[in-house]
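Student: Chains A and B are the protein sequences, given in the same order. Those letters in the first sequence? Residues 1 to 124, by my numbering. Those letters in the second sequence? Residues 125 to 256, by my numbering.
Quick caveat, the hints were computed from the structure, so don't treat them as lab data. Note that beta-carbon positions come from the ideal geometry of N, C-alpha and C, so glycine has one too. Among the hints, erroneous ones may be present.
[Said to hold, decoys possible] Output of the computed footprint for chain A on chain B, the stretches with three or more beta carbons under 8 Å from beta carbons of chain A:
#1 147-155
#2 200-210
#3 236-242
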Amino acid sequence: MSLRTPLGKVLGRGAAGEGVGHWWVQRLTAVALIPLTVSFAISLLGHSLQSYEEMRAWLSQPWPALIAILLILTLAWHSKLGVQVVIEDYVHDKGAKTLLLISSIFVHVAAAAVGVFAILVLAL
Amino acid sequence: MASRPLSPHLGVYKFMYTMSLSILHRITGCVATVGFLAFVWWLMALASGREQYATAMRLLSGPVGKLLLVGFTFSFVYHFCNGIRHLLWDTGRGLERAQARRSGAIVVVASVLLTALVLWFACSAMGMESIV
Chain A
1 MSLRTPLGKV
11 LGRGAAGEGV
21 GHWWVQRLTA
31 VALIPLTVSF
41 AISLLGHSLQ
51 SYEEMRAWLS
61 QPWPALIAIL
71 LILTLAWHSK
81 LGVQVVIEDY
91 VHDKGAKTLL
101 LISSIFVHVA
111 AAAVGVFAIL
121 VLAL
Chain B
125 MASRPLSPHL
135 GVYKFMYTMS
145 LSILHRITGC
155 VATVGFLAFV
165 WWLMALASGR
175 EQYATAMRLL
185 SGPVGKLLLV
195 GFTFSFVYHF
205 CNGIRHLLWD
215 TGRGLERAQA
225 RRSGAIVVVA
235 SVLLTALVLW
245 FACSAMGMES
255 IV
C-alpha cells in the first residue's frame, strides 16, 4: 500500500510543490522578530504611556517609526503563517477551513495596513 | 478523511509535560495574534487624536484591560522564549529527551520571570501602582 495520494502521484512534485517555503519563512520571520520585539519593547517602555504628547513625539522620530513598521509587517506575516497552520490542523470541515483561512488573510492584511498607516500618520 | 494511515497518533503516547509546552506554544501564538490586533488598535487610537488615545488608555488601565495586558504579555514572552527553543532544535541541537525536558523547564521559569519584569516596567510606564 502506498502512502501517497493519487493527486500527489499524478503531479509528481514531491511533498507539496512549494517544498519548505512556509516552514522557512516562518523561521525567517521568527529570527527577525527577536531583535525587533526586544528593541521596540525597550524603546516603548522607556516612555510615559499616559502622555499623548510624549507618545506622539516618540513615534514621530525616524528610528522608532521604522522599527515599528518593520515590527508590524513581520508580526503580521509570522502570525498569518502560524494561524494558517492552526486552522489547517484543527478545522476538518472543508468549507469552514477555507472560510477561516481566507478570513485570517483578510484580518492580517487589514491589521498590517492599519498599523503601518497609523505609524505614517504619526511620523509624517 | 482519507483511509490511509494518519499521523501523529497522539493517543498512543505517554503524557509528558513537554507535550503541554508544545500545545502552549500554539495557544500563546493565537493569543499573541489577538494581542497584535490590540496593539494595532492602540496605535490607531494614538494616530486618531488626543481623545481617542485617552479612551484607549482608560480601557487598558481598567480591570479588563489589565487582565488582557497580563495575558498578552505572558503569551508574547512564552512564545518568544519557546520560539528560541524551537529555533535551536531547527539547528539540530538539544533534541535528546533529557535536553528537551531541561530546556522546557528553563523556558517556563524564564517566561514567568520575564513576564513579571515586562509588567513591572509596563506599570511604571503607564503610571500604575501595580497590575492588580
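Student: Test coverage of the stretch 200-210 of chain B by chain A using CB-CB distances below 8 Å; three residues minimum.
Tutor: It holds: at least three residues are needed, and the stretch 200-210 of chain B offers 5 whose Cβ sits within less than 8 Å of chain A.
Student: In terms of beta carbon proximity below 8 Å, does the stretch 147-155 of chain B have 3 or more residues touching chain A?
Tutor: holds (count 3)
Student: Are three or more residues of the stretch 236-242 of chain B within 8 Å, CB to CB, of chain A?
Tutor: With 1 residues in contact (Cβ-Cβ under 8 Å with chain A), the coverage given for the stretch 236-242 of chain B is violated.
In terms of the numbered hints stated before, the structure departs from hint 3 and from no other.
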